[in-house]
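Each chain is listed here by its residues.
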Amino acid sequence: MPDHKINPDNWINQYSDYLFNYTITRVKDRETAQDLVQDTFFAGLKSMKNFKGEASERTWLVSILKRKIIDHYRKINSKKGQAEVRMSFSNDPENEGDWLEQRVADPYDKTAEDTLENTELGSAIHNCLDKLPEKQAQVFKMKTILGYDTEAICNELNITASNLWVIIHRARTALAGCLEKNWY
Amino acid sequence: MSKNKRIFISCESANHSCDKTQYNEASFWEKVKLTMHLIYCKACRKYTKNNGKLTHLINTSDVKCLDISEKDNLKEEFQQELLKNQ
Chain Z
382 MPDHKINPDN WINQYSDYLF NYTITRVKDR ETAQDLVQDT FFAGLKSMKN
432 FKGEASERTW LVSILKRKII DHYRKINSKK GQAEVRMSFS NDPENEGDWL
482 EQRVADPYDK TAEDTLENTE LGSAIHNCLD KLPEKQAQVF KMKTILGYDT
532 EAICNELNIT ASNLWVIIHR ARTALAGCLE KNWY
Chain D
7 MSKNKRIFIS CESANHSCDK TQYNEASFWE KVKLTMHLIY CKACRKYTKN
57 NGKLTHLINT SDVKCLDISE KDNLKEEFQQ ELLKNQ
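Same order as they appear, the protein sequences are chains Z and D.
Sequential numbering of the first sequence, starting at 382, is according to our numbering.
Sequential numbering of the second sequence, starting at 7, is according to our numbering.
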């Protein structure tokens with residue numbers, strides 16, 4: 382049986398982006414997502430003794446994160462219930478209790494399948510990014526996902542522009558190869 | 007002819023232009039040269055196609071990750087917590 386070791390020193394570098402992406406698709410708010418990820422790391426640290434090594438570190442952390450997300454929704458729901466203001470928008474007794482929103486067409490309506498596919502694709506991309514060397518992944522994330530300027534990245538990481546493009550090229554080639562099987 | 011006025015470019019610089027195009031950073035002349043190159047180079051056509059698909063995938067997936075400052079914050083907080091636990 383493969384024995385997984387636990388090593389919190391690398392957690393942030395290795396898993397924070399994956400966990401963050403996992404959370405943001407579920408809570409839709411950067412700050413909340415950050416807090417939840419942080420809580421997860423702290424909770425993981427506290428219950429390190431319980432880590433049996435049966436699953437990988439990441440799987441284990443994700444299982445903690447899932448609980449945290451559920452707790453988050455419980456909390457905001459109970460708060461909402463306390464502060465709920467009841468208003469009546471229609472005097473028609475037949476439609477009483479219906480949502481007002483129901484009568485408006487939602488232009489952003491996505492089918493459940495679309496959303497699911499997007500979430501899965503996001504994790505697939507992160508999985509592939511995890512396989513890249515750290516430097517390549519970092520540069521690629523900054524350039525493509527965060528949309529930094531070439532110049533800003535060069536200053537931040539102390540590399541030349543041509544250096545950056547070489548790294549980007551390698552990362553893109555590797556990513557394309559990694560995603561090719563399932564998503565092209 | 008000086009180097010940057012040549013119409014026929016190597017695969018290496020074609021790929022470089024292609025990468026730049028993905029981020030809308032290629033100049034008009036670079037794009038022209040890339041298109042010229044793609045007419046006769048099958049390997050680069052394949053690369054360009056895959057590269058475009060990758061960009062499309064990433065755009066549609068709406069993938070997110072942490073900012074540098076956000077990550078640094080997280081690291082700092084985590085270090086403190088780590089010290090407490092040891």
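It is possible that part of the hints are untrue.
Pairwise CB distance ranges, derived in the manner of DEER restraints [claimed, not checked]: (1) Z:K516 to D:I13: 32 to 40 Å; (2) Z:K516 to D:L89: 26 to 34 Å; (3) Z:R455 to D:S19: 31 to 39 Å; (4) Z:A436 to D:Y46: 49 to 57 Å; (5) Z:E515 to D:A49: 42 to 50 Å; (6) Z:T440 to D:N30: 22 to 30 Å.
If you are wondering where the hints come from, they were derived from the structure by calculation, not from laboratory data.
No residue lacks a Cβ here, since even glycine has one placed at the ideal position from N, Cα and C.
Now the hints, each set against the structure:
1. A hinted range of 32 to 40 Å holds for the C-beta pair K516 (chain Z) and I13 (chain D), which are about 35 Å apart.
2. A hinted range of 26 to 34 Å holds for the C-beta pair K516 (chain Z) and L89 (chain D), which are about 28 Å apart.
3. Here the CB-CB span from R455 (chain Z) to S19 (chain D) is close to 56 Å, at odds with the stated 31 to 39 Å.
4. Checked against the hint of 49 to 57 Å, the C-beta distance between A436 (chain Z) and Y46 (chain D) comes to roughly 51 Å, which is consistent with it.
5. Range check, E515 (chain Z) to A49 (chain D): about 29 Å between beta-carbon atoms, so the 42 to 50 Å window is missed.
6. Checked against the hint of 22 to 30 Å, the pair T440 (chain Z) and N30 (chain D) fails, with Cβ atoms roughly 38 Å apart.
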